[in-house]
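Undergrad: Going down the list, the sequences are from chains L and R. Heads up: the first sequence begins at 1 in the numbering used here, then just goes up one per residue. Heads up: the second sequence begins at 1 in the numbering used here, then just goes up one per residue.
Keep in mind that the hints were calculated from the coordinates and are not lab data. There may be inaccurate statements among the hints.
[To be verified] Simulated crosslink set (SDA-like; lysine to any residue; CA at most 25 Å straight-line): (1) K149/R x E51/L; (2) K143/R x D50/L; (3) K85/R x T132/R; (4) K85/R x E37/L; (5) K85/R x N40/L; (6) K85/R x Q79/L; (7) K85/R x F87/L; (8) K106/R x A47/L; (9) K130/L x M88/R; (10) K130/L x G94/L; (11) K106/R x T132/R; (12) K85/R x G20/L; (13) K85/R x R4/R; (14) K85/R x K143/R; (15) K85/R x E97/L; (16) K143/R x A47/L; (17) K130/L x S89/R; (18) K143/R x G27/L; (19) K133/L x K143/R; (20) K130/L x W72/L; (21) K85/R x T31/L; (22) K85/R x F67/L; (23) K149/R x W30/L; (24) K85/R x E157/L; (25) K133/L x K85/R; (26) K149/R x V106/L; (27) K133/L x S91/R; (28) K106/R x K149/R.
[Said to hold, decoys possible] Sample of chain R residues at the chain L side, in silico, Cβ under 10 Å: (29) T26; (30) A33; (31) F57; (32) P61; (33) W66; (34) G76; (35) G82; (36) K143; (37) K149.
Each residue gets a CB set at the ideal place from its N, CA and C atoms; glycine is no exception.
Here is how the chains run, residue by residue.
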Amino acid sequence: MSDAEQVEAMIGKVQYEEIGGFPVERGYVWTSCASVENANPLFWDDAVADEVTDGLIAPPTMLSVWFRPHHWSPGRDEQPMPLRVHFDLKERFGLPEAVMSDNTIVFHEPVRMGDRLRTRQILRSVSDPKTTKLGTGRFWVIDVEYLNQRDELVGVESYTGFGYRREETPA
Amino acid sequence: MTGRTFEAVRAGDELPELVVDVSATTIVLGALAARDWRPMHHDHDFAVNRNGTQDIFMNTPNQAAWFERFVTDWTGPTGRLGRMKFRMSGSVFPGDTMTMRATVEKVETDAVGCGWAELAVTLSVADVVATTCTVRVAVPNGKDDNPWKRRGDQWQP
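Required output: the full structure, derived from the provided sequences and hints.
TA: Below is the structure:
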């Protein structure tokens with residue numbers, strides 16, 4: 001099977017499923033709100049949260065926060081690699097450089113205190129070879145889905161990446 | 001709880017600007033709040049001498065949090081984000097003054113009666129756009145509507 005056929009077989013396949021290292025918690029919500037001076041009462045006032053959102057929720061843009069590992073934890077000897085499908089594609093096609101051109105986040109069910117989220121990566125597309133001002137390579141789209149412990153979709157991040165090799169400069 | 005309602009939103013409306021003087025503390029607080037421990041967001045020496053940037057710089061998740069705050073300052077707590085799309089072309093460094101601006105590009109009611117505003121948002125430093133972001137946000141469509149109560153097929157972001 002050629003590289004292209006192997007990648008074609010990866011499209012739409014769920015990969016790298018992972019459960020968040022800790023439950024969604026309010027201390028981190030407050031830390032995030034404080035960092036941007038977000039006074040939205042949904043995150044500070046229990047009565048407002050009960051009325052508007054049926055209880056406390058996390059800011060939607062915190063989706064990816066719940067999956068970033070601690071800087072250190074016992075017994076771990078290497079740093080986990082985020083968005084592994086992206087790095088798999090770079091390696092598969094032999095493309096040493098890469099940039100992310102677009103990032104879209106779609107928000108579904110609210111994330112609630114105590115939720116234990118899980119994530120998974122799905123390759124959606126890979127382009128034929130293209131040449132841009134950066135070099136020659138391929139574009140790809142990767143979805144990162146987030147689900148709660150009830151298997152409800154809480155959000156999807158889509159990344160468009162361009163893996164490439166710089167053009168050789170004539171001597 | 002009151003907030004901005006759909007009938008009060010028109011295409012062409014502009015949101016009040018948000019101007020923020022960015023310090024090293026702003027950048028570091030944002031990175032740590034996002035659990036982003038990478039040194040280019042807190043270590044000046046690494047950022048300059050290893051990464052080749054002029055200083056530490058604001059990370060993407062923290063920019064998303066700033067955009068969320070900016071938009072929900074305008075909608076009030078009943079505004080519910082549906083979708084955000086970013087394109088970054090520059091960085092935000094300590095000492096910068098960043099300005100967020102937005103215009104309502106479109107308003108629409110979807111097939112299930114949810115009222116949406118589509119916003120074109122920019123984050124600029126010294127009038128040079130560093131990030132563009134389109135945001136789709138739902139606001140109450142009538143006095144009995146609350147976008148946060150929409151579940152399943154009633155929520156189509």
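Undergrad: Run every hint past the structure and note whether it holds.
TA: These are the hints, each one checked on the structure:
| no. | hint | verdict |
| --- | --- | --- |
| 1 | K149/R x E51/L | 10 Å, holds |
| 2 | K143/R x D50/L | 18 Å, holds |
| 3 | K85/R x T132/R | 8 Å, holds |
| 4 | K85/R x E37/L | 22 Å, holds |
| 5 | K85/R x N40/L | 22 Å, holds |
| 6 | K85/R x Q79/L | 28 Å, violated |
| 7 | K85/R x F87/L | 22 Å, holds |
| 8 | K106/R x A47/L | 33 Å, violated |
| 9 | K130/L x M88/R | 22 Å, holds |
| 10 | K130/L x G94/L | 14 Å, holds |
| 11 | K106/R x T132/R | 17 Å, holds |
| 12 | K85/R x G20/L | 24 Å, holds |
| 13 | K85/R x R4/R | 22 Å, holds |
| 14 | K85/R x K143/R | 29 Å, violated |
| 15 | K85/R x E97/L | 23 Å, holds |
| 16 | K143/R x A47/L | 20 Å, holds |
| 17 | K130/L x S89/R | 21 Å, holds |
| 18 | K143/R x G27/L | 33 Å, violated |
| 19 | K133/L x K143/R | 52 Å, violated |
| 20 | K130/L x W72/L | 40 Å, violated |
| 21 | K85/R x T31/L | 24 Å, holds |
| 22 | K85/R x F67/L | 20 Å, holds |
| 23 | K149/R x W30/L | 23 Å, holds |
| 24 | K85/R x E157/L | 10 Å, holds |
| 25 | K133/L x K85/R | 23 Å, holds |
| 26 | K149/R x V106/L | 17 Å, holds |
| 27 | K133/L x S91/R | 21 Å, holds |
| 28 | K106/R x K149/R | 23 Å, holds |
| 29 | T26 | 8 Å, holds |
| 30 | A33 | 4 Å, holds |
| 31 | F57 | 15 Å, violated |
| 32 | P61 | 6 Å, holds |
| 33 | W66 | 5 Å, holds |
| 34 | G76 | 8 Å, holds |
| 35 | G82 | 6 Å, holds |
| 36 | K143 | 14 Å, violated |
| 37 | K149 | 8 Å, holds |
When the structure is compared with the earlier hints, violations turn up for hints 6, 8, 14, 18, 19, 20, 31 and 36 and for no others.
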